[in-house]
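Engineer: As a plain string of letters, each chain reads:
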Amino acid sequence: RKEVEQDPGPFNVPEGATVAFNCTYSNSASQSFFWYRQDCRKEPKLLMSVYSSGNEDGRFTAQLNRASQYISLLIRDSKLSDSATYLCVVPGGSYIPTFGRGTSLIVHP
Amino acid sequence: SQTIHQWPATLVQPVGSPLSLECTVEGTSNPNLYWYRQAAGRGLQLLFYSVGIGQISSEVPQNLSASRPQDRQFILSSKKLLLSDSGFYLCACQGSRDEKLFFGSGTQLSVL
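Order-wise, the sequence lines are chains A and W. 325 is the number of the first residue of the first sequence in the working numbering; add one for each residue after it. 241 is the number of the first residue of the second sequence in the working numbering; add one for each residue after it.
For the record, the hints were derived by calculation from the structure and aren't laboratory data. Since no wrong hints were added, every one of them can be taken at face value.
Selected chain W positions facing chain A (Cβ under 10 Å, derived; list incomplete):
1) Gln-246
2) Tyr-276
3) Gln-278
4) Gly-283
5) Gln-334
6) Arg-337
7) Asp-338
8) Phe-342
9) Phe-343
10) Ser-345
11) Gly-346
12) Gln-348
Taking lysine to any residue and the SDA-like style, the derived pairs with C-alpha atoms no more than 25 Å apart in a straight line are:
13) W:Lys-340 x A:Arg-361
14) A:Lys-369 x W:His-245
15) A:Lys-369 x A:Leu-398
16) A:Lys-366 x A:Ser-428
17) A:Lys-369 x A:Gly-340
18) W:Lys-340 x A:Ser-373
19) A:Lys-403 x A:His-432
20) W:Lys-319 x W:Asn-303
21) W:Lys-319 x W:Leu-286
22) A:Lys-366 x W:Leu-286
23) A:Lys-366 x W:Trp-247
24) A:Lys-366 x W:Ala-249
25) A:Lys-369 x W:Leu-251
We put the beta carbon where it would ideally sit given N, CA and C, even for glycine.
I would like the entire structure built from these sequences, with the hints used as guidance.
Structural biologist: Written out as structure tokens, the structure is:
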């Protein structure tokens, strides 16, 4: 099993839709989790940290399921500007940040 | 807050030429530093990481090397570039273990 796995998508959704991404991880000792957003040919930028109790920031909600070893990102009321690739980050072996391959989101009018 | 300077933004180099990419960090001390490479349409591949001056760990055997001559300076080098070295190179900084990463703006390298 790969350390971090994400569905690459693309997820093609209309404006206003709700969309959810999952990211599974294999290192059960992982403590810190993050979601990043990456636009084409740009650097990844931190979107949200993922806490055990969940984390909500406006239209974005991140949750952690330790028992099943996955984190999720929920985007409500999708905007055209949400179109991007969403990367999850999990501490891997030796606590090296390990990135998923990313999930591509396309929001259309 | 941390600021990462990475340059150049774009680089076109012939096969067999040398490479030197530099990354400098401001606003933090003794950070963990990382070099990632991203091929077109692919995920981020960790190349090197460093937890301190002169301490370099390599994740993938390859044509590249890294050095950390100062606390906030991280350099990626190659003596002879290969076509397969083309990609988007990203430097990243982490204040300490388990903290979030901050990225430089990246270098798009094309080896022709």
